[in-house]
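Enquirer: According to mature numbering (1 follows the signal peptide of the UniProt record, and there is no 0), the residues represented by the sequence shown are -36 to -1, 1 to 169, in order.
Hints listed in this document are in silico derivations from the structure and should not be mistaken for laboratory results.
Note that this is a predicted model, so its numbers are computed, not measured.
The C-beta atom is built at its ideal place from N, Cα and C for all residues, glycine as well.
Hints are not guaranteed to be accurate.
[Claimed, not checked] Derived lysine to aspartate or glutamate pairs resembling EDC-like cross-links, with alpha carbons at most 16 Å apart:
#1 Lys31 with Glu141
#2 Lys59 with Glu73
#3 Lys144 with Glu30
#4 Lys59 with Glu168
#5 Lys55 with Glu71
#6 Lys80 with Asp18
#7 Lys59 with Glu71
#8 Lys55 with Glu73
#9 Lys84 with Glu73
#10 Lys156 with Glu141
#11 Lys31 with Asp134
#12 Lys66 with Glu168
#13 Lys25 with Glu106
[Stated by the list, open to error] Beta-carbon label-pair distances, calculated as ranges:
#14 Gly52 with Asn116: 28 to 36 Å
#15 Gly24 with Met75: 12 to 20 Å
#16 Pro12 with Asn116: 17 to 25 Å
#17 Met158 with Asn90: 24 to 32 Å
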Amino acid sequence: MQLFSSFAGLFPTSTAMLGTAAQLSVLLSLLGLGNAQMFHMGPCPDPPVQQDFDINKYLGKWYEIEKLPSNFEKGSCVQANYSLKENGKFKVINKEMLSSGKINAIEGEIMHTDVKEPAKLGVRFNWFMPSAPYWVISTDYENYSLVYSCTNILWLFHFDYAWIMSRSPDMHPDTVEHLKSMLRTYKIDTDKMMPTDQLNCPAEM
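Let's have the full structure, built from the sequences with the hints guiding it.
Expert: Structure, rendered in structure tokens:
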């Protein structure tokens, strides 16, 4: 995600913002970064997050129900399992089943990024990469979680992700729609949200 910081000097800081945005749009296309992710004009939205968030209640397994498209999730049966490490830090193991039937797994580290708002977490999957935002907008810990992540690009564009998570592999459609309406309230585009296939998944992943 640090990739874009190296391009900051390529564009003028004049009032010709539209031309600058057009140049950046072309650059993103050349880099192949605009297809799978949700790119938008302007800076990231700033939605409120879960008040009095308790990460210990959040630990355990969550199933992905719907998401905004991303280039790092291609499979089905997507789930995330949060736990406490021996060193006192928190980790997440994300798993998915590929079309070949192979189970793909990756482990990341969870960290608090804002002492005043503990629901503003960060996640890092490689030690040499910066953490990515992982904001818990709303959760009841036992049934659902609404998560949002957004990164600014020169404050001209932003790309974002959103996930609707459940403690079980399915969720009532009314609950899904309610959570999506929350995103829309915060000016987060949900038009391209897609369901995650949680059918015919292995009993243990």
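Enquirer: Now tell me if each hint is right for this structure.
Expert: A quick look at each hint next to the structure:
1. Lys31 with Glu141: Holds, at about 13 Å.
2. Lys59 with Glu73: 15 Å, holds
3. Lys144 with Glu30: The given pair, whose Cα atoms are some 9 Å apart, holds under the 16 Å limit.
4. Lys59 with Glu168: Distance ~11 Å between Lys59 and Glu168 Cα, so the pair holds.
5. Lys55 with Glu71: Measuring from Cα to Cα gives roughly 7 Å; hence the hint holds.
6. Lys80 with Asp18: Holds: Lys80 and Asp18 sit about 13 Å apart, inside 16 Å.
7. Lys59 with Glu71: Judged against 16 Å, a Cα distance of about 9 Å means the pair holds.
8. Lys55 with Glu73: 4 Å, holds
9. Lys84 with Glu73: With Cα atoms ~14 Å apart, Lys84 and Glu73 stay inside 16 Å; holds.
10. Lys156 with Glu141: 14 Å, holds
11. Lys31 with Asp134: 14 Å, holds
12. Lys66 with Glu168: 13 Å, holds
13. Lys25 with Glu106: At roughly 10 Å apart (the allowed maximum being 16 Å), Glu106 and Lys25 satisfy the hint.
14. Gly52 with Asn116: 28 to 36 Å: 31 Å, holds
15. Gly24 with Met75: 12 to 20 Å: 18 Å, holds
16. Pro12 with Asn116: 17 to 25 Å: 18 Å, holds
17. Met158 with Asn90: 24 to 32 Å: 26 Å, holds
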